[in-house]
Amino acid sequence: MKSYRKEIWVNVPKRLAFINITKNVKEALLESKIREGLCLVNSMHISSSVFINDDEQGLHHDFEKWLETMVPHEPLEQYRHNDTGEDNADAHLKRQIFGREVVVAITEGEFDFGPWEQIFYGEFDGRRKKRILVKIIGE
Amino acid sequence: MKSYRKEIWVNVPKRLAFINITKNVKEALLESKIREGLCLVNSMHISSSVFINDDEQGLHHDFEKWLETMVPHEPLEQYRHNDTGEDNADAHLKRQIFGREVVVAITEGEFDFGPWEQIFYGEFDGRRKKRILVKIIGE
Amino acid sequence: MKSYRKEIWVNVPKRLAFINITKNVKEALLESKIREGLCLVNSMHISSSVFINDDEQGLHHDFEKWLETMVPHEPLEQYRHNDTGEDNADAHLKRQIFGREVVVAITEGEFDFGPWEQIFYGEFDGRRKKRILVKIIGE
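Residue numbers (the working numbering), protein chains in the order written: chain C, 1 to 139; chain B, 1001 to 1139; chain H, 2001 to 2139.
Hint data in this document are derived by calculation from the structure and do not stem from the laboratory.
Where a beta carbon is used, it is the ideal one built from N, C-alpha and C, also for glycine.
Do not take every clue at face value.
As the list claims (entries may be wrong) - Taking lysine to aspartate or glutamate pairs in the EDC-like style, the calculated list, with each CA pair at most 20 angstroms apart, reads:
hint : chain 1 : residue 1 : chain 2 : residue 2
1    : H       : Lys2002   : B       : Glu1108
2    : C       : Lys130    : H       : Asp2112
3    : C       : Lys65     : B       : Glu1068
4    : B       : Lys1065   : H       : Glu2074
5    : C       : Lys129    : C       : Glu74
6    : C       : Lys26     : C       : Asp112
7    : C       : Lys23     : C       : Glu110
8    : B       : Lys1065   : H       : Glu2077
9    : C       : Lys14     : C       : Glu74
10   : C       : Lys33     : C       : Glu108
11   : H       : Lys2033   : B       : Glu1036
12   : C       : Lys65     : B       : Asp1083
13   : B       : Lys1065   : H       : Asp2083
Claimed, not checked - FRET-style restraints, in silico, Cβ to Cβ:
hint : chain 1 : residue 1 : chain 2 : residue 2 : range
14   : B       : Lys1026   : H       : Asp2087   : 27 to 37 angstroms
15   : C       : Gly109    : B       : Glu1074   : 40 to 50 angstroms
16   : H       : Thr2107   : B       : Lys1065   : 41 to 51 angstroms
17   : B       : Pro1075   : H       : Lys2033   : 55 to 65 angstroms
18   : C       : Glu7      : H       : Lys2014   : 36 to 46 angstroms
19   : H       : Lys2026   : B       : Phe1111   : 21 to 31 angstroms
20   : B       : Lys1065   : H       : Arg2035   : 45 to 55 angstroms
21   : H       : Asp2087   : C       : Glu108    : 44 to 54 angstroms
22   : C       : His61     : B       : Glu1074   : 33 to 43 angstroms
23   : H       : Lys2014   : B       : Lys1065   : 18 to 28 angstroms
24   : C       : His61     : B       : Lys1065   : 21 to 31 angstroms
25   : B       : Glu1027   : H       : Phe2111   : 26 to 36 angstroms
26   : C       : Pro115    : H       : Lys2023   : 15 to 25 angstroms
Excised from the complex, chain C in its bound form (with noise of 0.2 angstroms):
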């Protein structure tokens, strides 16, 4: 079994925001040489998400207006945790809706993908540097 660990950094200047990372993921597939296996793509953060959807900004926008509805950033004070000097209480809250992770199957040394899948960083508290895990396993 061979396996291998790569970090993805990424420092978005808005608060909330949606990064296709599929470019920087498929390298790290690449330099890995497994071509068949799993590949887990994760957050190291706990304010922000990585998930598979479709790349078109419309959708962005109806997923940030739709998350910032169900679970709006102000006023802070609605949170307790925010009364430890946070202000990002809404964005814990919205990574549990869109989740830490995905894993990626390998098939003949490439992500076996469906033809719209790409995978994506969801940012909701940013404006600070941050890291993607990307950790293969296969042969």
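Since the structure of chain C is provided, determine the placement of chains B and H on it from the hints.
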């Protein structure tokens, strides 16, 4: 390390439905001859989910009603994604809540399930052919 | 390839609570002697979740309050699943939002975590014994 790959095809006649695919995934495990490992089951589409819950019709009714309250299909104009000519923005969002995939442990040649765990395909934009990927790695 | 399996038992005295199981899962990793691989941690029940977030009591209060707003436990009659004699339809739905499982990378014999990542069991229908599965594969 061994690996095995199989596609399960579905064509759901309704826009939204939950299909029990446990039997199909167990067939793939049997074919794989893998006795210890991990099994990834994911939708290859971005408007549907694979998840594990209870095979109870009343609950599936509750799932549908709740998802429709959280992310209504109509009016279509409330979603920017639908400006592209699509009518499935809600399906992309419902999929975000229910998730893309499950990873299941394999122990002594069987899925290492609790007593009530069943694998479902959650379709949120049906009436067309779609694919589910099963990827198994192990020994 | 090596594999290791362990069950963690919990009995939460309240209906809804969040339990930090990071220490228990780390014990399983130590016992496995696996140094590179993937670790699956999942609830073996369908009315509870395993997820990764922050170990902060205020945030857990926010989680509980938000989940209860999204999916109220009462009135019981609003859910068809409860017509079967159960009272836990809301727990099945809360589990859908928070998810079933996490997959964690293992690098050099340790969980490859960001600085704040902690593994939690989210119980939504407690006051009974339940099991969490840890399955580790790798080398």
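Taking the hints in turn, this is what the structure says about them:
1. H:Lys2002 / B:Glu1108: holds, 13 angstroms
2. C:Lys130 / H:Asp2112: Cα-Cα ~15 angstroms, so holds.
3. C:Lys65 / B:Glu1068: This hinted pair holds, its Cα atoms lying about 17 angstroms apart.
4. B:Lys1065 / H:Glu2074: holds, 16 angstroms
5. C:Lys129 / C:Glu74: Given that 20 angstroms is the threshold and the Cα spacing comes to 23 angstroms, the pair is violated.
6. C:Lys26 / C:Asp112: holds, 11 angstroms
7. C:Lys23 / C:Glu110: Status holds; Cα separation ~12 angstroms.
8. B:Lys1065 / H:Glu2077: holds, 14 angstroms
9. C:Lys14 / C:Glu74: holds, 16 angstroms
10. C:Lys33 / C:Glu108: holds, 10 angstroms
11. H:Lys2033 / B:Glu1036: The hint holds at about 16 angstroms.
12. C:Lys65 / B:Asp1083: holds, 15 angstroms
13. B:Lys1065 / H:Asp2083: holds, 16 angstroms
14. B:Lys1026 / H:Asp2087: 27 to 37 angstroms: Cβ of lysine 1026 (chain B) to Cβ of aspartate 2087 (chain H): about 31 angstroms, so the range 27 to 37 angstroms holds.
15. C:Gly109 / B:Glu1074: 40 to 50 angstroms: Taking Cβ atoms as reference, glycine 109 (chain C) and glutamate 1074 (chain B) lie about 43 angstroms apart, which means the hint holds.
16. H:Thr2107 / B:Lys1065: 41 to 51 angstroms: 43 angstroms Cβ-Cβ, so the 41 to 51 angstroms window holds.
17. B:Pro1075 / H:Lys2033: 55 to 65 angstroms: holds, 58 angstroms
18. C:Glu7 / H:Lys2014: 36 to 46 angstroms: At roughly 38 angstroms between Cβ atoms, lysine 2014 (chain H) and glutamate 7 (chain C) fall inside 36 to 46 angstroms, so the hint holds.
19. H:Lys2026 / B:Phe1111: 21 to 31 angstroms: With a Cβ separation near 25 angstroms, lysine 2026 (chain H) and phenylalanine 1111 (chain B) satisfy 21 to 31 angstroms, so the hint holds.
20. B:Lys1065 / H:Arg2035: 45 to 55 angstroms: holds, 47 angstroms
21. H:Asp2087 / C:Glu108: 44 to 54 angstroms: Between aspartate 2087 (chain H) and glutamate 108 (chain C), where Cβ atoms are some 49 angstroms apart, the hint holds.
22. C:His61 / B:Glu1074: 33 to 43 angstroms: Since histidine 61 (chain C) and glutamate 1074 (chain B) have Cβ atoms about 18 angstroms apart, the given range 33 to 43 angstroms is violated.
23. H:Lys2014 / B:Lys1065: 18 to 28 angstroms: Once the Cβ atoms are compared, 27 angstroms apart, the range 18 to 28 angstroms for lysine 1065 (chain B) and lysine 2014 (chain H) holds.
24. C:His61 / B:Lys1065: 21 to 31 angstroms: holds, 26 angstroms
25. B:Glu1027 / H:Phe2111: 26 to 36 angstroms: Since the Cβ atoms of glutamate 1027 (chain B) and phenylalanine 2111 (chain H) sit about 34 angstroms apart, the hinted range of 26 to 36 angstroms holds.
26. C:Pro115 / H:Lys2023: 15 to 25 angstroms: violated, 43 angstroms
Violated hints, in rising order: 5, 22 and 26; the structure is consistent with all others.
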